[in-house]
Every structure is written in C-alpha cells, then in structure tokens.
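K.L.:
The chain contents come next:
Number of protein chains: 2
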Amino acid sequence: MFKTNSYFDDKVISIAFENQEGKATVGVMAPGEYTFGTTSVEFMTVVSGEMHVQLPGSDDWKNYKPFETFKVEAEKSFNVKVTTDTSYRCIYK
Amino acid sequence: MFKTNSYFDDKVISIAFENQEGKATVGVMAPGEYTFGTTSVEFMTVVSGEMHVQLPGSDDWKNYKPFETFKVEAEKSFNVKVTTDTSYRCIYK
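Chains A and B, in that order, are what the protein sequence lines are.
Once you know that position 81 of the first sequence is 81 in my numbering, the rest is easy, because the numbers rise by one and skip nothing.
Once you know that position 88 of the second sequence is 181 in my numbering, the rest is easy, because the numbers rise by one and skip nothing.
No wet-lab data here; the hints were simulated from the structure.
A couple of the hints might just be wrong.
Below are the DSS-like pairs computed for lysine-lysine, each with C-alpha atoms no more than 25 Å apart in a straight line [as the list claims (entries may be wrong)]:
{"id": "1", "chain 1": "B", "residue 1": "LYS158", "chain 2": "A", "residue 2": "LYS3"}
{"id": "2", "chain 1": "A", "residue 1": "LYS65", "chain 2": "B", "residue 2": "LYS186"}
{"id": "3", "chain 1": "A", "residue 1": "LYS65", "chain 2": "A", "residue 2": "LYS93"}
{"id": "4", "chain 1": "B", "residue 1": "LYS96", "chain 2": "B", "residue 2": "LYS155"}
{"id": "5", "chain 1": "B", "residue 1": "LYS116", "chain 2": "A", "residue 2": "LYS3"}
Model the full assembly from the supplied sequences, consistent with the hints where possible.
P.N.:
If you want it as structure tokens, here you go:
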C-alpha cells in the first residue's frame, strides 16, 4: 500500500504517503553526506536527530533540530550532513 | 541498513533507527483502526495527519496533531484510529 524508496546504497530510506497537507514522505538517513535534488518545492522537517544543511546558493551550513523546517525551491539541489541516524518528514508542494 | 516492518496487511509501515534519543521508528498508517501492544515504554509523536487514541485503561479517545506526543507504558495495548494517512515517530525507552 505504501511505497518505500531507498537511496545512496540504502543509507536513506523513505515511505511515501499523501494527506490533506499534500504528497509527503517520512524517512531516515544514516550518518553521511548527501546531495538531494528537488523536482517540486520541498518543506523538510527534522523529526529526530539533527541535519546540517547547505541550502541552494548558500555558502553557509545551518543546523536543524527536531521539528525545525527548511524550504527548498523546485529544481534545486541541496547538501545534507548527518552524524547520527536522523529522521525527517518532507512535504512536496 | 535500516529495517522496515509492516503490520496490518501493510496498512502500517515503519523504519527502525537508533540515535542519542534511543531506539526509535518512523512510520505511516493508512486510514483504519489499530490495536498496538507495547513491550517497552513508548513515546509516540504524530508527524503528519492526526491520530485518535484510546490509551490503556481509558474510556476516552483523544486527538493528537503533528508534533503532539503521548506516552504508553510497557506491556500495555492501546487503540488508534486514523482517517487520513498519518505519519509518526515512536521512541522506545
């Protein structure tokens, strides 16, 4: 019923779902550095752990803790470093 | 790397992970009614959607919205109704 996807040699796994907030995923990242590309606008919220994020066009890295959210525009790429298993919710707009 | 589990004919799917908060899962529930049993104390937090929850020993149902948490003691069962795809984080203590 729910589709799971894995990326980066299974170091990132997500489950897709959809409700009144729109299309979304929840997932988990193992420690590592990842570059993600967006097709739509994404609102990414840390659920557990911590993400170090370099947003598109930024030289700076910023930390996001549980229930903190960042937005990425469509057709961009952004970089994420995590040093502990980190779960997230992503809503696609 | 991450273990996924499914329950209730794949209407509930979760991904297990572990970090400084302890053992945890994130998962998604399809609309339905479910009875879950605990082995350890569980701190369940709604991530997206909404849960209607009847805690052990309670006659009442209470609603939990995103980022709201309820606690269930070990070796208990509790009832959940969801009317939309609902994601959650569960931390086991």
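K.L.:
Measure nothing beyond the straight line between the CA atoms of LYS96 (chain B) and LYS155 (chain B); if it is 25 Å or shorter, mark the hint as holding.
P.N.:
Given that 25 Å is the threshold and the Cα spacing comes to 30 Å, the pair is violated.
K.L.:
Does LYS158 (chain B) pair with LYS3 (chain A) here, judged by a C-alpha cut-off of 25 Å?
P.N.:
holds, 23 Å
K.L.:
Has the given pair, LYS65 (chain A) with LYS93 (chain A), been kept, meaning a C-alpha gap of at most 25 Å?
P.N.:
holds, 22 Å
K.L.:
Can the restraint linking LYS65 (chain A) and LYS186 (chain B) be considered satisfied, given a maximum Cα separation of 25 Å?
P.N.:
It holds: about 21 Å lies between the C-alpha atoms, which stays within 25 Å.
K.L.:
Please verify whether LYS116 (chain B) and LYS3 (chain A) have alpha carbons no more than 25 Å apart.
P.N.:
holds, 23 Å
Hint 4 from the list above is the single one not met by this structure.
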